[in-house]
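Protein chains: 2
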Amino acid sequence: MRACRREPVPYTPIWLMRQAGRYMREYRDVRSKTTFLDLCKTPELAAEVTVTAVERLGVDAAIIFADILLILEPMGIDLEFAAGEGPVIHNPVRRPADVDRLLEIEDVSALEFVNEAIRQTRSALRPDIPLIGFCGAPFTLASYVIEGGGSKNYVHTKRLMYDDNGAWHAMMSLISRGLAKYLNAQIAAGAQAVQLFDSWIGCLGPDDYREFVLPHTRSVIENVTPGVPVIHFGTGTAALLELMREAGGDVIGLDWRVRLDEGWQRVGHDVAVMGNLDPVSLFAKQDSLRKQAKRILDQAGGRSGHIFNLGHGILPETPVENVIALVEMVHEL
Amino acid sequence: MRACRREPVPYTPIWLMRQAGRYMREYRDVRSKTTFLDLCKTPELAAEVTVTAVERLGVDAAIIFADILLILEPMGIDLEFAAGEGPVIHNPVRRPADVDRLLEIEDVSALEFVNEAIRQTRSALRPDIPLIGFCGAPFTLASYVIEGGGSKNYVHTKRLMYDDNGAWHAMMSLISRGLAKYLNAQIAAGAQAVQLFDSWIGCLGPDDYREFVLPHTRSVIENVTPGVPVIHFGTGTAALLELMREAGGDVIGLDWRVRLDEGWQRVGHDVAVMGNLDPVSLFAKQDSLRKQAKRILDQAGGRSGHIFNLGHGILPETPVENVIALVEMVHEL
Numbered sequence: 021m022r023a024c025r026r027e028p029v030p031y032t033p034i035w036l037m038r039q040a041g042r043y044m045r046e047y048r049d050v051r052s053k054t055t056f057l058d059l060c061k062t063p064e065l066a067a068e069v070t071v072t073a074v075e076r077l078g079v080d081a082a083i084i085f086a087d088i089l090l091i092l093e094p095m096g097i098d099l100e101f102a103a104g105e106g107p108v109i110h111n112p113v114r115r116p117a118d119v120d121r122l123l124e125i126e127d128v129s130a131l132e133f134v135n136e137a138i139r140q141t142r143s144a145l146r147p148d149i150p151l152i153g154f155c156g157a158p159f160t161l162a163s164y165v166i167e168g169g170g171s172k173n174y175v176h177t178k179r180l181m182y183d184d185n186g187a188w189h190a191m192m193s194l195i196s197r198g199l200a201k202y203l204n205a206q207i208a209a210g211a212q213a214v215q216l217f218d219s220w221i222g223c224l225g226p227d228d229y230r231e232f233v234l235p236h237t238r239s240v241i242e243n244v245t246p247g248v249p250v251i252h253f254g255t256g257t258a259a260l261l262e263l264m265r266e267a268g269g270d271v272i273g274l275d276w277r278v279r280l281d282e283g284w285q286r287v288g289h290d291v292a293v294m295g296n297l298d299p300v301s302l303f304a305k306q307d308s309l310r311k312q313a314k315r316i317l318d319q320a321g322g323r324s325g326h327i328f329n330l331g332h333g334i335l336p337e338t339p340v341e342n343v344i345a346l347v348e349m350v351h352e353l
Numbered sequence: 021m022r023a024c025r026r027e028p029v030p031y032t033p034i035w036l037m038r039q040a041g042r043y044m045r046e047y048r049d050v051r052s053k054t055t056f057l058d059l060c061k062t063p064e065l066a067a068e069v070t071v072t073a074v075e076r077l078g079v080d081a082a083i084i085f086a087d088i089l090l091i092l093e094p095m096g097i098d099l100e101f102a103a104g105e106g107p108v109i110h111n112p113v114r115r116p117a118d119v120d121r122l123l124e125i126e127d128v129s130a131l132e133f134v135n136e137a138i139r140q141t142r143s144a145l146r147p148d149i150p151l152i153g154f155c156g157a158p159f160t161l162a163s164y165v166i167e168g169g170g171s172k173n174y175v176h177t178k179r180l181m182y183d184d185n186g187a188w189h190a191m192m193s194l195i196s197r198g199l200a201k202y203l204n205a206q207i208a209a210g211a212q213a214v215q216l217f218d219s220w221i222g223c224l225g226p227d228d229y230r231e232f233v234l235p236h237t238r239s240v241i242e243n244v245t246p247g248v249p250v251i252h253f254g255t256g257t258a259a260l261l262e263l264m265r266e267a268g269g270d271v272i273g274l275d276w277r278v279r280l281d282e283g284w285q286r287v288g289h290d291v292a293v294m295g296n297l298d299p300v301s302l303f304a305k306q307d308s309l310r311k312q313a314k315r316i317l318d319q320a321g322g323r324s325g326h327i328f329n330l331g332h333g334i335l336p337e338t339p340v341e342n343v344i345a346l347v348e349m350v351h352e353l
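First to last, the protein sequences are chains D and A. Sequential numbering from 21 applies to the first sequence in this note's numbering. Sequential numbering from 21 applies to the second sequence in this note's numbering.
The hints are simulated quantities; they were obtained by calculation from the structure and are not laboratory data. These numbers were taken from a predicted model, which means no experiment stands behind them. Hints should not be assumed to be uniformly reliable.
Remember, identical chains collapse to one label, so a pair may be satisfied in a single copy or spanning two.
[What the hints assert, rightly or not] DSBU-like mimics (lysine-lysine), calculated; alpha carbons at most 35 Å apart, straight line: (1) K172 with K314; (2) K53 with K201; (3) K172 with K311; (4) K305 with K61; (5) K172 with K61; (6) K311 with K61; (7) K201 with K61.
All chains should be built: construct the whole structure from the sequences, respecting the hints.
Structure, rendered in structure tokens:
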């Protein structure tokens with residue numbers, strides 16, 4: 021929390037995106053007894069995997085176990101997590117008329133299970149470990165809704181964006197209004213900071229980002245409960261950093277494709293940064309891993325306001341002993 | 021050719037990466053009678069699809085029909101293009117010992133079919149249409165050799181790179197020596213410019229690029245026959261442009277994730293640039309397409325040394341009428 025506010029800290033804090041995940045045996049044990057969606061929707065289990073990851077790794081923050089796509093269900097999206105295939109949306113939005121059938125999120129009672137997981141996690145966590153809530157950013161969510169799942173080229177998304185400006189902005193606005201309510205409900209339940217994941221924003225250039233994305237992401241961030249730090253994260257953002265900063269956030273997440281010092285310079289030293297180890301570094305020998313971690317800390321240069329993290333989520337096959345070693349290295353270095 | 025040398029031109033020249041490809045009926049007709057590898061290895065057919073694309077689209081340059089992976093076969097790599105799956109390498113390099121079994125390319129006689137295709141294309145092409153030869157850049161080729169095909173996270177590639185520096189550099193040097201010979205043979209056969217495709221370089225940050233890639237790409241470019249323009253292209257390179265420039269090239273290829281004016285500024289106005297329309301723009305209505313094309317031309321600002329192109333290859337489902345319309349728009353605008 022202090023690093024989010026760029027206050028001095030005794031050592032660089034570290035947590036890892038997707039730290040409660042498939043690479044960890046304890047997670048797989050819980051997950052093997054249920055489906056992914058049911059795990060998200062059962063507060064006891066979501067809290068359990070959230071807390072276990074923190075205790076096992078020794079990281080300095082927890083992030084609630086959930087999925088960015090959960091908010092789509094109360095919007096009328098038919099969502100399935102097919103085994104081994106990732107998310108599938110059975111009624112994707114393809115034409116302007118499809119946008120009209122999306123439901124406005126009036127309140128987030130349909131997502132009460134997330135709030136309950138946050139309450140249970142908060143009461144089970146060590147008091148000095150902050151709990152982070154999160155959501156997908158408007159563009160990344162829109163891309164799932166339009167493509168019907170993950171995508172390589174985002175053809176449907178960009179076609180709607182370029183050819184039907186009105187429908188695009190209507191959809192992004194509707195998603196953004198829902199997201200602000202969702203984040204504020206998480207905060208009311210006990211989340212002390214929140215993160216927006218714009219994981220697929222890197223498929224856009226700066227001109228498109230400014231026109232089609234920035235106003236919507238900004239509106240979500242502006243509507244977050246005052247005083248709660250917002251982490252604004254994306255990948256493939258090397259040409260977007262100034263604009264992401266303009267959209268908002270107390271902390272800008274950097275992926276590994278930019279140097280941390282250059283990225284920080286570009287977003288400005290009046291915001292904090294989070295990042296930016298390549299998740300693949302965790303597959304290397306610990307000597308190599310240490311070299312990479314040290315390089316990032318050197319680039320941060322001891323400036324207040326750096327939260328160590330990966331540049332994207334932990335990969336499923338990652339050796340857990342290297343994750344634990346990384347946390348120790350960052351604390352020690 | 022004049023644009024490569026930053027000389028004045030009457031209009032901005034345009035060609036399109038993968039302009040002879042699956043989106044075009046004439047290509048599919050030829051391709052349906054043979055395998056992809058046999059098409060590459062039959063000079064008459066390779067020349068036919070190369071020339072047909074130029075005539076059908078009205079573009080200002082031809083690029084020889086071939087594949088960046090062809091050079092791997094004489095290196096001892098067992099390569100297959102599996103239907104619908106992309107390239108598969110049956111004996112990937114995973115450990116340092118595997119590097120030792122790669123074969124040095126002493127001469128490029130095993131790739132004579134490419135040279136013959138170039139000769140036939142050159143004699144069939146209109147004399148004022150230049151013919152471009154090409155190869156994969158060392159990193160992109162190494163990633164295929166190590167992963168055994170395409171990859172999402174490049175785990176094997178980066179692990180070898182981080183953990184076995186000696187093996188990595190030995191492999192990159194061997195590939196680079198072969199590439200220089202290959203490009204010079206294409207030039208001797210009639211290629212008037214050559215392009216290095218570093219399609220997957222965007223998975224690396226600048227520090228890794230400098231240490232593990234730059235010296236090798238530079239050695240290929242330095243060894244190209246003097247006087248022949250070199251186009252140095254990559255995707256996801258928003259944080260790498262200055263280093264790509266340092267590695268070399270008379271023309272730097274920009275993808276659509278950077279603004280053309282900012283990208284050109286960063287590589288320097290003393291080199292030419294190529295790009296940078298999002299290939300997905302070709303799926304939009306022609307009004308939207310025109311707006312995007314105009315934006316790029318406006319960013320080039322009439323400066324000599326801009327070659328219009330996509331930011332990556334044409335996608336298979338692209339409507340051919342939009343490709344033809346784009347060529348006309350760029351000439352007209």
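Status of the hints after comparison with the structure:
1. Within a single copy, K172 and K314 get their C-alpha atoms as close as 33 Å, and across copies as close as 26 Å, so both meet the 35 Å cut-off.
2. Taking the shortest alpha-carbon separations for K53 and K201, only the intra-copy value of 32 Å comes in at or below 35 Å, while the best inter-copy value is 58 Å.
3. Taking the closest pair of Cα atoms, K172 and K311 come within 35 Å of each other both inside a single copy (32 Å) and across two copies (24 Å).
4. In this homomeric assembly, K305 and K61 never come within 35 Å of each other (Cα to Cα): the closest approach is 37 Å inside a single copy and 42 Å across copies.
5. In this assembly of identical chains, the alpha carbons of K172 and K61 lie at most 35 Å apart whether taken from the same copy (29 Å) or from different copies (29 Å).
6. For the identical chains of this complex, K311 and K61 are neighbours neither inside a copy (40 Å) nor across copies (45 Å), given an alpha-carbon limit of 35 Å.
7. Proximity of K201 to K61 under the C-alpha cut-off of 35 Å is restricted to the intra-copy arrangement: shortest distance 19 Å within a copy versus 60 Å between copies.
Hints 4, 6 from the list above are not met by this structure, while the remaining hints are.
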